[in-house]
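Throw the hints in and build the complete structure from the sequences for me.
Chains as they are written, first to last, in our numbering: chain A, 442 to 770; chain B, 21 to 333; chain C, 31 to 399.
Keep in mind that a hint or two might mislead.
[Claimed, not checked] DEER-style ranges, computed between Cβ atoms: (1) A:ARG690 / B:HIS143: 51 to 57 Å; (2) A:HIS598 / B:ILE123: 31 to 37 Å; (3) C:TYR366 / B:ASP221: 41 to 47 Å; (4) B:ALA41 / C:ALA295: 42 to 48 Å; (5) A:GLY602 / C:PRO312: 32 to 38 Å; (6) B:PRO324 / C:GLN285: 22 to 28 Å; (7) C:LEU202 / B:GLN287: 42 to 48 Å; (8) B:ILE322 / A:GLU738: 55 to 61 Å.
Just so you know, these hints were derived from the structure itself, not from any lab.
Every value quoted in this text rests on a predicted model; they were computed, and no experiment measured them.
Heads up, the beta-carbon is just placed ideally off N, CA and C, and yes, glycines get one too.
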Amino acid sequence: MSENRELLLSVKDLRVSFFTHAGEVKAVGGISYDLHRGEVMGIVGESGSGKSVEAYSIMGLLQSPGRVIGGSITLDGENVLDYNKEQLQKMRGNRISMIFQNPMTCLNPVYTVGNQIAEALTAHKNVSHADARAAVIEMLKLVGIPNPEKRMKQYPHELSGGMRQRVMIALALICEPDLLIADEPTTALDVTIQAQILELMKDVQKKTQMAIIFITHNLGVVADICDRVSVMYAGKIVETGSVADIFYRPRHPYTLGLLASMPRVDAQEYERLVPIEGTPVDMLNPPPGCAFAPRCEKCMNICIKADPPETDLGDGHIVNCWMEVPRDE
Amino acid sequence: MIKYLLKRVLMGILALFAVSAITFFLMNLVPGGPFLSEKAPSAAVLAKLEEKYGLDKPLYVQYGNWLKDLAHGDFGVSFKMQKNRPVTTIIKEMFPVSLKVGIYAMIWAIIFGIVFGCIAAYHRGGIIDSVLRVVTTLGVVLPTFVTASILLVLFAGGVWKILPSIVGAHAKWYAYILPCFTLGLSPMCNIARYTRSSMLDALGQDYIRTAYAKGVSNRKVIFKHALRNALIPVVSYIGPMTAYILTGGFVTETVFNIPGLGRYFVQSISNRDYPIIMGTTVFLAAFVIVMTLAVDILYKFIDPRIDLAKEDE
Amino acid sequence: MPKRLKIPSLRLSDEKVAQLIDIGTLTVQDFAPAPQDDKEDFIPKAKSMGYWQDAWRRLRRNRVSMVALVVILLIIIFAFAGPKFVPYKYQEQYRSSLNLAPMEYSASEQARIDAGEKVFPHVFGTDTHGRDIMARTMVGARVSLAIGVLAAILVLIIGSIYGAVSGLVGGLTDAVMMRILEIIASIPDVLVVLLLSVSIKPRLEAFVNSFGASNKNAFARGLSVLGPSITAIFICFAILYWITMARIIRGQVLQLKNQEFVTAARALGASQWRIIRKHLLPNCIGSMIAATCLQIPSAIFLESFLSFLGVGVQAPLTSLGSMCSDALGGMYTYTYRLVIPAAILLVLLLSFNLFGDGLRDALDPRLKK
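Below you can see the structure in the form of structure tokens.
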């Protein structure tokens, strides 16, 4: 399905490291994927797996001591990593927008929300004050904020968490970007509000046909909104596939573990949730082999020695695990 | 809001009451009276003088009388330094001089403090930042009299003789340079330090990341989004700064011979001119308290999150 | 014969191919389950660091603070060990050597040098009374340091008890105690300190003298050693300057009191005293130390301010502040007399402040990155 569409973003062997006083932390250790126009891709992983860092490097928002040390990020045929400051600034909020995890702290407390949304517009487009105001009101309506004329004059602290996340979405969408990066947009919200925001994002995506990279640690959220899912562990993508592949035909032990640790509504009878034992590897001194090996029940001798290669299982279902490497016995 | 104001005003009055009581009884702890210093008058004359100014009565009666007069806006009259002139007149005459020096000092302290603070925050961790850190810490710890004497040696004698060392009653504008610099140096450095740390704090906030993600320019992020938030804690320093500048005036005015209230206060202590000590102390304390309250209200206008009515902690 | 690995339809990056070649030929053995020990060895053991170790590591990385610490130590050596190496007494007036410039010798001393005798130089010169300025500076620094440290300890004791009681008891007690604190905070301190030191001094003098020379008790002896003005300074600190410390401690206690680990300890039946000792104190101690360290320069500062206005330490004893004040008269002619004590005072204040800042950053776990 997605093969027919136009390629929007292509990430090739992206490597990001943090140079801390203790040494180099390889937060992202070479990941590659393609994203087409209008496609919604989920990136799932536990905290510290490098999923946010990867998103920040696309936006050019990596902060010292973080640095992209290799690979390429191609947006519409141009390498974003070659952009200078001005080009990055023109891209951010205009071609790629981002919304963040905590809507409580992501809006500037001393400016009205209308002001902050309008700023995203005026930063890229030469519009009159009245036009900007009209656009803000229309945008607030689109994200389902009632009484936008009144709301736009309010300060962030006067709005609820769900409202603020809606404002963040309005702010991200006002320049009609090609790509929206949503970094755990529902994690800090109540479950009922989470569902509303997800509904809203699905709705908006349908209307605008933009691509979305949806970063989360919650597999349930992914199933709801994404076309394709990549599972990240310790800075690497361990498995990529369609939602159906990941949920019904998972091959990587980590994906299996994630699914087993997730409660299911459709459980046939009493099912225990199985946690993944152990803790993530120390990213400061990553061992040579597969990063998941120490926690893997099916760990083999080779897993400790070498990183597994990618294995294409067909239909875009790719897994990085020695167990899936075809063997000639 | 009104409830808050009432509470604050009440607290202020209580504090003033405490200040006046402490001052009054401390002052009277000092052995000897105002009329004993030079040639001691005869016992009869002394008794007459003490009766005239009510010094023969018990302390608590004297204090009660003083409070009663104060309720009518009367600080009493000077015993010695400017015989029988009302203290209010003396304050009216001297305070504007102190205020002038104080305001100049404050203006330069605020402007340069914020600028230096922003520069340091912008270059955080760099050489400029380290140099500014040492220089501003030095400025904070420099006692006023050391600054004043170094400046005098440098610019008013000793090394170069380009500025007057004394600010008389009819001094030219450039005579104010040294005292205003002296007085404003420590607050300036304090403001620079506050600005730096609150600027760094603001720059680390999530909304700054949002602003960058919107595609706002670096300059606009710093000056629109970070600075406005960073200045909020700095504003709260203006209250204590007023107090510092007024009391710092004691030394500055003494060293530079400025005919202001601070110098007069120091002189009145050694002269035991009770009404002047009392009047000046209470007046200065009231001024500081009112300024602190004004700053807190100003705060509300800068930071929309603060709801004074709910502020209880 | 080990089975060869065939890699059909694999998209391998160059690096991965290189890795495979490195390992050489893969065998069936490679695909056998790994023993548990190997898996465990795989996880690198991170060194865990204690609070103090970690704080010390952070402090050591802060170069400015370490330099400040060294400077403080040097000044302490100068002030306390220095007088042993200088043959001049700080209070003695050498009539033949009035108003000497640094390293200058008086006529009589020059004569002794010419006679082949070794004469210790007046490194910082002498003052109008012929007193050696270096010896006086050493004693002055000693007095300033002692006042600073003692006043800071006084503030620590009063402030932390007041703050801890206020925070722990809470409720109405807390409210009343905080109102009292607010009133004290809104009093312009220098105003009161000035009055206080002027008025307490003569009283204390009278008090000490009232015992007579022979039958002084320990308390009066202590007072006369300290001198009335230094005692007045301590009284000022005891009355006015503990509020910052009390606020810090109260804030910490309030914050900690409601934290889960304290609730958990309480739920497990720990006594109030045990909670204070095991949970609150260890968490407060960092900020207490840092605040005390920052209090020292503030006390030295206040002492020098009072000495300057002529109500501080009295002759023949001296402090850095009163030396500056004494030097003001001949400021233009004998600039070195002002510059030397002022410079030492400055360096001392600066070092304590910079070191205190560094200490606060190092000891505050919330700033831990």
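Now the hints, each set against the structure:
no. : hint                            : in the structure
1   : A:ARG690 / B:HIS143: 51 to 57 Å : holds, 54 Å
2   : A:HIS598 / B:ILE123: 31 to 37 Å : holds, 35 Å
3   : C:TYR366 / B:ASP221: 41 to 47 Å : holds, 44 Å
4   : B:ALA41 / C:ALA295: 42 to 48 Å  : holds, 44 Å
5   : A:GLY602 / C:PRO312: 32 to 38 Å : holds, 35 Å
6   : B:PRO324 / C:GLN285: 22 to 28 Å : holds, 26 Å
7   : C:LEU202 / B:GLN287: 42 to 48 Å : holds, 45 Å
8   : B:ILE322 / A:GLU738: 55 to 61 Å : holds, 58 Å
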